[in-house]
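Please arrange chain B on chain A, whose structure you already have, making use of the hints.
Here the protein sequences come in this chain order: A and B.
Here the first sequence stands for residues 1 to 262, numbered as in the working numbering.
Here the second sequence stands for residues 1 to 205, numbered as in the working numbering.
To be clear, the hints were calculated from the coordinates, so they are not data collected in a lab.
Idealized CB from N, CA, C, for every residue including glycine.
It is possible that some hints are incorrect.
[As the list claims (entries may be wrong)] With a straight-line cut-off of 30 angstroms between C-alpha atoms, the simulated DSS-like cross-links for lysine-lysine are:
{"hint": "1", "chain 1": "B", "residue 1": "Lys8", "chain 2": "B", "residue 2": "Lys106"}
{"hint": "2", "chain 1": "A", "residue 1": "Lys156", "chain 2": "B", "residue 2": "Lys8"}
{"hint": "3", "chain 1": "A", "residue 1": "Lys258", "chain 2": "B", "residue 2": "Lys8"}
{"hint": "4", "chain 1": "B", "residue 1": "Lys99", "chain 2": "A", "residue 2": "Lys258"}
{"hint": "5", "chain 1": "B", "residue 1": "Lys84", "chain 2": "B", "residue 2": "Lys59"}
[Said to hold, decoys possible] Ranges between beta-carbon positions, derived for each pair:
{"hint": "6", "chain 1": "B", "residue 1": "Asn145", "chain 2": "A", "residue 2": "Arg259", "range": "26 to 32 angstroms"}
{"hint": "7", "chain 1": "B", "residue 1": "Glu172", "chain 2": "A", "residue 2": "Asp181", "range": "37 to 43 angstroms"}
{"hint": "8", "chain 1": "A", "residue 1": "Arg259", "chain 2": "B", "residue 2": "Tyr55", "range": "21 to 27 angstroms"}
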Amino acid sequence: MNGAVKLSIMQVLSAYLFILILLLIVKRRGLNREKEIIISTTRMTLQLILTGYILTYILKNPNPFITLLVISIMEIFAIQNIIKRSKTKLSYELKKVVVFSMIVGTLFTLFYFILIVINIKPWYNPQYFIPLAGMIIGNSMTGISLGINKLIDGFKNQVDVIECSLMLGASPKDACKPILDNAFDSAILPTINSMVGMGIVFLPGMMTGQILSGSSPLVAIEYQIAIMLGILGSVSISVIIFLLFGYKTFFNNRMQIKREEL
Amino acid sequence: MFEVKNLKYKDILYIDHLNINKNSVTCIVGESGSGKTTLLKMLNNIISPDEGEIYFNRKEINQYNPIDLRRRVVMLPQTPIIYKGSILDNILIGKKFSKSEIYDIKEIENLLEKFNVNKNLNEPAENLSGGEKQRVCLIRVLIMNPEVILLDEPTSALDENTEDLVINYVVEYVKKNNKTLIMVTHSKEIAKKYSDHIIEITKRR
Numbered sequence: 001m002n003g004a005v006k007l008s009i010m011q012v013l014s015a016y017l018f019i020l021i022l023l024l025i026v027k028r029r030g031l032n033r034e035k036e037i038i039i040s041t042t043r044m045t046l047q048l049i050l051t052g053y054i055l056t057y058i059l060k061n062p063n064p065f066i067t068l069l070v071i072s073i074m075e076i077f078a079i080q081n082i083i084k085r086s087k088t089k090l091s092y093e094l095k096k097v098v099v100f101s102m103i104v105g106t107l108f109t110l111f112y113f114i115l116i117v118i119n120i121k122p123w124y125n126p127q128y129f130i131p132l133a134g135m136i137i138g139n140s141m142t143g144i145s146l147g148i149n150k151l152i153d154g155f156k157n158q159v160d161v162i163e164c165s166l167m168l169g170a171s172p173k174d175a176c177k178p179i180l181d182n183a184f185d186s187a188i189l190p191t192i193n194s195m196v197g198m199g200i201v202f203l204p205g206m207m208t209g210q211i212l213s214g215s216s217p218l219v220a221i222e223y224q225i226a227i228m229l230g231i232l233g234s235v236s237i238s239v240i241i242f243l244l245f246g247y248k249t250f251f252n253n254r255m256q257i258k259r260e261e262l
Numbered sequence: 001m002f003e004v005k006n007l008k009y010k011d012i013l014y015i016d017h018l019n020i021n022k023n024s025v026t027c028i029v030g031e032s033g034s035g036k037t038t039l040l041k042m043l044n045n046i047i048s049p050d051e052g053e054i055y056f057n058r059k060e061i062n063q064y065n066p067i068d069l070r071r072r073v074v075m076l077p078q079t080p081i082i083y084k085g086s087i088l089d090n091i092l093i094g095k096k097f098s099k100s101e102i103y104d105i106k107e108i109e110n111l112l113e114k115f116n117v118n119k120n121l122n123e124p125a126e127n128l129s130g131g132e133k134q135r136v137c138l139i140r141v142l143i144m145n146p147e148v149i150l151l152d153e154p155t156s157a158l159d160e161n162t163e164d165l166v167i168n169y170v171v172e173y174v175k176k177n178n179k180t181l182i183m184v185t186h187s188k189e190i191a192k193k194y195s196d197h198i199i200e201i202t203k204r205r
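Next comes chain A alone, as it looks inside the complex (with noise of 0.2 angstroms):
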C-alpha cells in the first residue's frame, strides 16, 4: 500500500474554506461567534504545527526522558482540566485522589498495553507510546469528570437518605453505594456506547488514521478493537479508584458527613 497523499500548504489552506462559510453564516444571521470561531481555529492551527514539529523531533530522538516528560505534561493537563471543568469547587483531599486516580489507572493500563498486548521494543518508543498514552490519558479523563460530577450531585441531592442509612448503623461505603454504583455508571457509558457504534456509524480516529497512512484496514483493525479494551480498562480502572478513595473525603474520621463541604 502507498503511505498518505502529502498535501501541500496551498492544499491545506483551501480546507480554510469551510471557515470562511462557517463565518459567513455566524455573521448573516447575527449569531455573534466571530471572535470564537477565528479564535479557536487560530488556535488549533498553532497548537498542531507545534506539536507536529514538537513529535518529528522526539520520534527521531526516541529518549526515555522525553517520553516520560511528554506523558508527565499530558497527565498534568488532564488533571488540571478535571478540576477546571468540575461543577463545584474541589476540596484539596477530592483533588488528591483525582491525581491518584488518573495517574495510577493510567499508568498501570498504559504499561500493560506498551509491555504485554503489543509488546513494544524498547519500551519508551514514541512513535506507539505518545499516541496511546494520549488516548488513554484522554478517555479517563473524560470518565473521572463525569464521575466526579455525579458523585458530588448525588452527595448533594441524597444527603439525607446517606445521613438516614448512617443513623441505622451502616458504614459510609454501603451508606453511599447507590451514588457509587450510579457514578461508576455514568462514568463508563460513554465508552460502552462509543464501542457499540464502532466501525457502523462511525470509523474511529486512530483507525482512519493507520488507514490514510496507508495501513492495511486488517492491522487497523486490530490495533482499534485493542485500545478500545485498553481504553475501557483504564477508565473504569481509573475511575473506580477515584469513587473508592473520593466518597471517603466527604466524612470525616467520625464517620460524620461533611455538611459544610456540600
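Leaving out everything else, chain B in the frame of chain A:
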C-alpha cells in the same frame, strides 16, 4: 445511660448538664429551631458538639466505633426515608447494614397490622402514603432491636388516633423489652402521657 456535660453547638444549643436514664422513656419538647433534632443527632454521633462531652454508659461517645454505637443507639429521622425496593426491603435495610439478616416475617407482619399499614410486604415502598412511610420507617428501627431508640417526631404525618396507637405500642414495646426511648415530639400531651422524663429545650433569644 447518657450524660451530657457543658455542651455547646454553634449558636443553637447549650446544655450545662443532662442525664438520661436507662430503661426509661424520655421526651424532648420545645419550639422549632431550639435544637431538639441536633441533640438527638449528637446522641447518635451523626454530629458532634463544638464543645462539651457526651457519655454513653459512662464512656465518652467518641471512644466508641461510630458504626457500632449507631447500631446500639439507632435514630429515626423526622422525614421518612424510603429506599428503592419493596416494603420488606425497606424494613430490613437496617438489619442488612448491620449484616444480621435473620428476621421473623411473622413479627414484621404483626407490626404492620398493629400500625394499621394494610399492605403487602412485596409492594414497592414508593407507593406508600406519607403516614405509611413513616410507620414503615419506625418498624425498620424496631426490628433492629437496638438498646436505645431515638425517634425524631415519629408521628408527624399521622392523625391523632393513629399517632396514639403507634406511640402506645412503641412505649409498651420499650418497657417490655427493657429498652431506652428518647423521642422528640411537638405534642406536649404525648410527652405528658407517655414519658418518664420530659426535657424542654428553649430557644435562645
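Checked hints:
1. As the CA atoms of Lys8 of chain B and Lys106 of chain B are separated by approximately 45 angstroms, the hinted pair breaks the 30 angstroms bound.
2. Between the alpha carbons of Lys156 of chain A and Lys8 of chain B the distance comes to roughly 27 angstroms, so the proposed pair stays at or under 30 angstroms and holds.
3. For the proposed pair Lys258 of chain A and Lys8 of chain B, the alpha carbon gap of about 18 angstroms is at most 30 angstroms, so the pair holds.
4. Among the hinted pairs, Lys99 of chain B with Lys258 of chain A is consistent with the structure: their alpha-carbon atoms are about 26 angstroms apart, no more than 30 angstroms.
5. Note on Lys84 of chain B and Lys59 of chain B: the hinted pairing is violated, with a Cα-Cα distance of about 37 angstroms set against a maximum of 30 angstroms.
6. Taking 26 to 32 angstroms as the suggested C-beta distance range, the pair Asn145 of chain B and Arg259 of chain A conforms, at roughly 30 angstroms.
7. Between Glu172 of chain B and Asp181 of chain A, the C-beta spacing of about 40 angstroms keeps the proposed range 37 to 43 angstroms intact.
8. Checking the proposed 21 to 27 angstroms range against Arg259 of chain A and Tyr55 of chain B shows it holds: the Cβ atoms sit about 25 angstroms from each other.
When held up to the earlier numbered hints, the structure conflicts with 1 and 5 and fits the remainder.
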